[in-house]
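Okay, so the sequence shown: first residue is 1352 according to the working numbering, each after it adds one.
The set of hints was computed from the structure by calculation and includes no laboratory data.
Careful, some of the hints might be misleading.
Simulated DEER-style distance windows between Cβ atoms [to be verified]:
hint : residue 1 : residue 2 : range
1    : G1440     : R1420     : 22 to 30 Å
2    : G1455     : D1881     : 30 to 38 Å
3    : G1440     : D1707     : 43 to 51 Å
4    : G1869     : H1732     : 27 to 35 Å
5    : G1401     : L1778     : 48 to 56 Å
6    : E1651     : I1441     : 17 to 25 Å
7    : D1707     : L1606     : 20 to 28 Å
8    : R1647     : S1734     : 48 to 56 Å
9    : E1500     : D1681     : 38 to 46 Å
10   : T1594     : E1500     : 24 to 32 Å
11   : K1757     : E1500     : 21 to 29 Å
12   : R1704     : L1606     : 25 to 33 Å
13   : R1515     : P1563     : 28 to 36 Å
14   : K1804     : L1778     : 40 to 48 Å
With a straight-line cut-off of 27 Å between C-alpha atoms, the simulated DSSO-like cross-links for lysine-lysine are [unchecked claim]:
hint : residue 1 : residue 2
15   : K1379     : K1529
16   : K1379     : K1494
17   : K1593     : K1379
18   : K1529     : K1487
19   : K1497     : K1486
20   : K1692     : K1379
21   : K1833     : K1692
22   : K1417     : K1529
23   : K1757     : K1692
24   : K1648     : K1593
25   : K1692     : K1774
Cβ atoms here follow ideal geometry from the backbone N, Cα and C, with glycine treated the same way.
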Amino acid sequence: MERYTLFWILLCIILPIQAQQEIPYLQKQGSATQLIVDNTPFLVLGGELGNSSAASVEDIEHIFPKLQRMGLNTVLVPAYWDLTESAEGIYDFTLTDKVIRQAGENHLKVIFLWFGAWKNSMSCYAPLWFKQDYKKYPRARTKAGKPLEIASAFSENVYQADNRAFTQWLEHIASIDKEEGTVIMIQIQNEIGMLEDARDYSEEANRLFDSPVPRELTDYLQKNRKTLHPQMLEKWGAHGYKTNGNWQEIFGTDLYTDELFMAWHYARYVERMAQAARMIHNVPLFVNAAINSRGRKPGEYPSAGPLAHLIDIWHCAAPHIDFLAPDLYDDGFTDWTAQYKLHNNPLFIPEIRLADNNGVRVFYVFGEHDAIGFSPFSIEHGSDDSSSPLVKAYTCLRKLMPLLTKYQGQGLTNGLLFDQEYKERVLERDDLKIYARHYFTLPWDSRATDGSKWSEAGGLILQLGEYEYLLAGSGVVVEFEKGGENRVGRISLGEDGFATAGGGNMQEELWNEGFRIGIGSVDEIGIEEDGTFRYVRRLNGDQTHQGRHVRIPVDDFSILHIKLYEYR
């Protein structure tokens, strides 16, 4: 009898632990942060629906099967406060239920985006009863006193109404989805930030702006001084690294001080929601940022949002948020991604402009930055044709996922991204130099010189072992050179091709006597779920320029297994 009792006690302990492990979570592997879904590392091959595309049951039913055909494994879906609580205190979860059900039927995971008090700075998704009662739920104000269509982050009533709806909605998700695990992350608010002015000038905001900077923040700055974002360190240092005083006394009198102040209070608001979420359904949480691009100043872009230069403010004020994520619509893709892949912030791209070059860019972010995921915006307007670049890219990356997640964070991958200006990248690994180039640089490709605009090309390269690599992507050419392959001079050749003392009209390079590197084999492969390779075909001859290089043509997406060898 005692043995049976002990068995049931152990069972009661183990089963809740197993159930808890099924809830998605983040874990570190080397320098990477991995999203764990169904107890397995998971890369988000995603797409975000347009703002109004999940506002009806019919739209959801129509769109989700297409997303599966596009090769997505995850869809990012708005959850609308105004449709969830159109009458105060009365909740309707019809759309949420439909999303989760349709996702399950189409083998998709879901990342919900809470469109609550703010969406792209504005309060357009707050319900009408909230908007109309502007005395109870006050607006942010400009310096001139103008009320804005932006709820004030300094109002406790605003927070209570927003958070009450959010927690009711999240409790519903927890009740229907804890076992299935369809919902893998939650974004709190959307592109939070101030417009017109860099901060709110409401009465309560002004009072707090003139009050001492919270000790919590100054202690954080002191403790993390060596690792602060360079702009944060410069801003604080320009005024003597003070730790006592109000916002202007510590950080100065300019728009960027206004932004720091506003970022603190936006982040504190979000932190309270995050703490509530952790108690209800403990999936990863993040916030997204509208980028401070094109030389705009705070207030011209959504000021004080979860921007890279404000990461220290957001980390201190909102420690229950797992990461800050950029929405990318401007030029300078590689620069923007580098700003958000930091030692204290993994890269996840919840929004990027829907375009044909998404197919190569997704390879780049997984290879270069160990990204958690990638998600073009308004994905339902993309093509589900099997020949479209994103469909081919996602199909290829699904095969690669077991290997990429195995090697993430170990410094064994690089991303490649090329266009007409950035044509080549040189990598050094062990004793090799790896020359990676745009496919159009091949001399026999007429597009190299005919004046046409080059399509973007890119991919990733993964080192599996000594002289063993994977290359995946589209439109890339790779050559390998051993570090000892140094040219030591030239000799002149006569007309007959033999060396002459007096010189001639031909030249031949001399090489040292060290080992050289050759391409032993190039195989196009598939990859099984357990990470083992499935041979497709051997590439040789014309496909490798008789062993000179490895290449994947533009518009093709494939995975190549490369073995090198030494010779003298």
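Cross-check of the supplied hints:
1. G1440 to R1420: 22 to 30 Å: violated, 40 Å
2. G1455 to D1881: 30 to 38 Å: With a Cβ separation near 25 Å, G1455 and D1881 fall outside 30 to 38 Å, so the hint is violated.
3. G1440 to D1707: 43 to 51 Å: Cβ of G1440 to Cβ of D1707: about 47 Å, so the range 43 to 51 Å holds.
4. G1869 to H1732: 27 to 35 Å: violated, 47 Å
5. G1401 to L1778: 48 to 56 Å: violated, 38 Å
6. E1651 to I1441: 17 to 25 Å: For E1651 and I1441 the Cβ distance comes to about 39 Å; the hint is violated.
7. D1707 to L1606: 20 to 28 Å: The hint (20 to 28 Å, Cβ to Cβ) is violated, given that D1707 and L1606 are roughly 38 Å apart.
8. R1647 to S1734: 48 to 56 Å: violated, 33 Å
9. E1500 to D1681: 38 to 46 Å: violated, 25 Å
10. T1594 to E1500: 24 to 32 Å: Violated: the Cβ-Cβ distance is about 37 Å, outside 24 to 32 Å.
11. K1757 to E1500: 21 to 29 Å: violated, 48 Å
12. R1704 to L1606: 25 to 33 Å: Holds, since R1704 and L1606 (Cβ atoms, about 28 Å apart) stay within the stated range.
13. R1515 to P1563: 28 to 36 Å: Given a distance of about 31 Å, which is inside 28 to 36 Å, the answer is holds.
14. K1804 to L1778: 40 to 48 Å: violated, 26 Å
15. K1379 to K1529: Holds, at about 23 Å.
16. K1379 to K1494: violated, 44 Å
17. K1593 to K1379: violated, 34 Å
18. K1529 to K1487: Not OK: K1529 and K1487 at ~36 Å, beyond 27 Å, violated.
19. K1497 to K1486: holds, 15 Å
20. K1692 to K1379: Measuring from Cα to Cα gives roughly 14 Å; hence the hint holds.
21. K1833 to K1692: Distance of about 31 Å is beyond 27 Å: violated.
22. K1417 to K1529: Satisfied, since the Cα-Cα distance of roughly 26 Å is no more than 27 Å.
23. K1757 to K1692: holds, 19 Å
24. K1648 to K1593: holds, 25 Å
25. K1692 to K1774: holds, 23 Å
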